[in-house]
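S.K.: Work out the full structure: start from the sequences and follow the hints.
Protein chains: 2
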Amino acid sequence: MKKLNRGVAIVGAGMSKFGAFPGRATRDLFVDAFTEMQGSVDKGVDVNDIEAIFIGNYSSDLFEGQGHTAPFMTDAVGLTPRPATRCEDACASSSAALRSGIMAIASGMYDMVLVGGIEKMTDLPTSEVTDTLATASDALYDVPAGYTFPGFYASIATAYMDKYGATPESWMSVGIKNHNSGSLNPKAQFGQRIIDIMADKKKGAEKKGKPIPTWADEMEFMHDPRANLIIAWPMRLFDCSPVSDGAATLLLVSEDIAKNFSDNAMYILGSGQASDVTLRYRSDLTTLSSAKAAAQQAYEQAGVTPQDIKVAEVHDCFTVAEVVATEDLGFFKAGQGFEAAEEGITSLRGPRPINSSGGLKSKGHPVGASGAGQVVEVWKQMRGEAGERQLEGDIDIGLTHNVGGTGESCFVHIFGRK
Amino acid sequence: MKKLNRGVAIVGAGMSKFGAFPGRATRDLFVDAFTEMQGSVDKGVDVNDIEAIFIGNYSSDLFEGQGHTAPFMTDAVGLTPRPATRCEDACASSSAALRSGIMAIASGMYDMVLVGGIEKMTDLPTSEVTDTLATASDALYDVPAGYTFPGFYASIATAYMDKYGATPESWMSVGIKNHNSGSLNPKAQFGQRIIDIMADKKKGAEKKGKPIPTWADEMEFMHDPRANLIIAWPMRLFDCSPVSDGAATLLLVSEDIAKNFSDNAMYILGSGQASDVTLRYRSDLTTLSSAKAAAQQAYEQAGVTPQDIKVAEVHDCFTVAEVVATEDLGFFKAGQGFEAAEEGITSLRGPRPINSSGGLKSKGHPVGASGAGQVVEVWKQMRGEAGERQLEGDIDIGLTHNVGGTGESCFVHIFGRK
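Sequence lines, in order, name chains A and B. If you're matching positions, the first sequence starts at 1 in our numbering and goes up one per residue. If you're matching positions, the second sequence starts at 1 in our numbering and goes up one per residue.
Keep in mind that the hints are not guaranteed to be accurate.
One copy or any two copies: either way a pair holds, since identical chains are not told apart in the list.
[What the hints assert, rightly or not] With a straight-line cut-off of 25 Å between C-alpha atoms, the simulated DMTMM-like cross-links for lysine to aspartate or glutamate are:
| # | residue 1 | residue 2 |
| --- | --- | --- |
| 1 | LYS3 | ASP256 |
| 2 | LYS259 | ASP131 |
| 3 | LYS3 | ASP46 |
| 4 | LYS310 | GLU385 |
| 5 | LYS208 | GLU392 |
Derived from the structure by calculation, the hints contain no laboratory data.
M.R.: What follows is the structure, encoded as structure tokens:
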């Protein structure tokens, strides 16, 4: 990766609530995110100065029967006739949009660009959502063989358990942790601690006069096959991120005008991206080589090391994915990430907090919006605006790690101050 | 539009045959295009020097059940683990990819980028193809109202006829012209003159012992409702581009290294893009304001006028669209494009040739590949490699005009020598 011809800063960020919104259109969620972004610009912005729009979206085609979504989102926020393009790399689509926005500004083509991410998944029945997501893997070979994403990540988890001695409890500890953090995030789709979900379920059962479940504690709940269904062993319900609707937006400007909008802008220090073959060709299932390559590019470009990262949002589409990510990013050595999760090292108040937002697991995973949503969390943490989940200390360098498919694409971005 | 931080050149271009290829996968067509591109680089290229891939594709999701197509295409040509992103703007998707490639190089991020376009549409029944294409218009309002693209362009045609006095024969003259040119293009899907199609049909009818149609000449054939079905009046079968499979690729490098690959490279002089609202909100149906805006940007950036353009590939998804394009691009005044077509001014040997390749009408319209395919034609014409359809004179400046939907997106690119 060479040096960009000019620097890029983020001066605004916003997101819709993530969740299931049957009565609302995707463009409504996009307007929510855009409005919050607009309000977040410290010194204000005339949004008419936005020159181009890049929208990350996985498949509004299959989810909503809507292709060509970028100009419609552009119209929804009153920015027609500005150029609008959709970027797609499966669940990393809005990181692709961010990277396109960065290049657009660095190229000299534009000074101000809107980057967005959108996805509305809940209009389809869940089984069809699973099929739709499966099309991010190879439709010629993987899909006809019956592989879906829970199966793919279950393969990764079993390979990891076999190689490093992790247990199903290792994965559960990630889910519990992320719901703990997500309970402090008002935008989260499932913003409840698992222990509270358990209590609620008990209460509901009492109300209906049904036998009260005997779940004595969180881990017992997590082992109960009625409460925590096995989806694809060892991945159970609470190991899987939900099906979500949501949108997120970022306002990018060239570095030289950033101070016009904020004295507290967030600068792009590094942007890495790599691709990979599908899972069936890989020599090692316990790591994503695309993540390692993208991380190396981003670290080198930023001139920082994993130890410098104060806030990290990583792609926990499944709990095992978070553990693998923390190793691929160099936070832990290969085979040690699961113990870090079990020991609370990656919890909100631990020494290496991961996914302070609640992650995709708790916050929600509207796939095309997830990458931009990660950046919104880093933005809030770096500005000290994360409320009850605010990380301690000076949060001066942040990172996002966003995976497409099972790592056929991966993006790592690093952000800092200047 | 500001000046790019560095210039960009195209040093290689290739395309698969366009057509219906039921036995072949999209990646096979992409390999065809890639292989031809590789062979087209005058001084040779080590394709391992390609640093990133941008793939234009409208909806492999709906056409093939394949999302996340960029890394799979990348794998097919042996370029994993390079970063790979899909760009989408409906039928202008590979122009979006081209523009992303230009910005990627101009940003300083990369020196060599592969731009591709792919679409495989013929695996679906034609009725489902029409529905799939319709999703490029507004799925909340236009699609439920029953609008499909033939209907949209029929509306444009009737509005144009009402305003300027064109007739159905005006549109037919575009179809006849483009099939004449396409008959000289070995890559064309329907590379036959309409008069020859007519003769073949007669022969077929004779063989089957059926009454021989009395089509006396081309126009009579064009008026025969059995030979030339009314699809959405005044758009008949021979006014519509076909359903196609195909792929095209372009090799982009930074201007400062272009001479390492060719002394006859094609340089990007201008790149324009604009968006628009859907048809139902527009005050005038006889022009695409996004095309006008994109053209203005591209002309200004290139410092040229419409009169300077020697070769132009424009988006004739329907015959009427070509006429509107030639006016939006400033080749003719509003309301005069249809007469230019009728009078042969836009024919291959006319003073203002349009769509020497045969256009989408004859060459085929694999939507995500069409924009890159247009560039391949400009590449061949500018290098004097267009065979029997080679335009006369020094073809030093070329243009492509690529529309998404009914102009919710439009791209105009201008190419020249340096």
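S.K.: Take the hints in turn and mark each one as holding or not.
M.R.: Hint by hint, here is what the structure shows:
1. LYS3 with ASP256: both (16 Å within a copy, 16 Å between copies)
2. LYS259 with ASP131: neither (46 Å within a copy, 48 Å between copies)
3. LYS3 with ASP46: between (30 Å within a copy, 23 Å between copies)
4. LYS310 with GLU385: Classified as within: same-chain Cα gap 15 Å, cross-chain 57 Å, threshold 25 Å.
5. LYS208 with GLU392: Neither: 43 Å inside a copy, 84 Å across copies.
Checked against the numbered hints listed earlier, the structure breaks hints 2 and 5; every other hint is satisfied.
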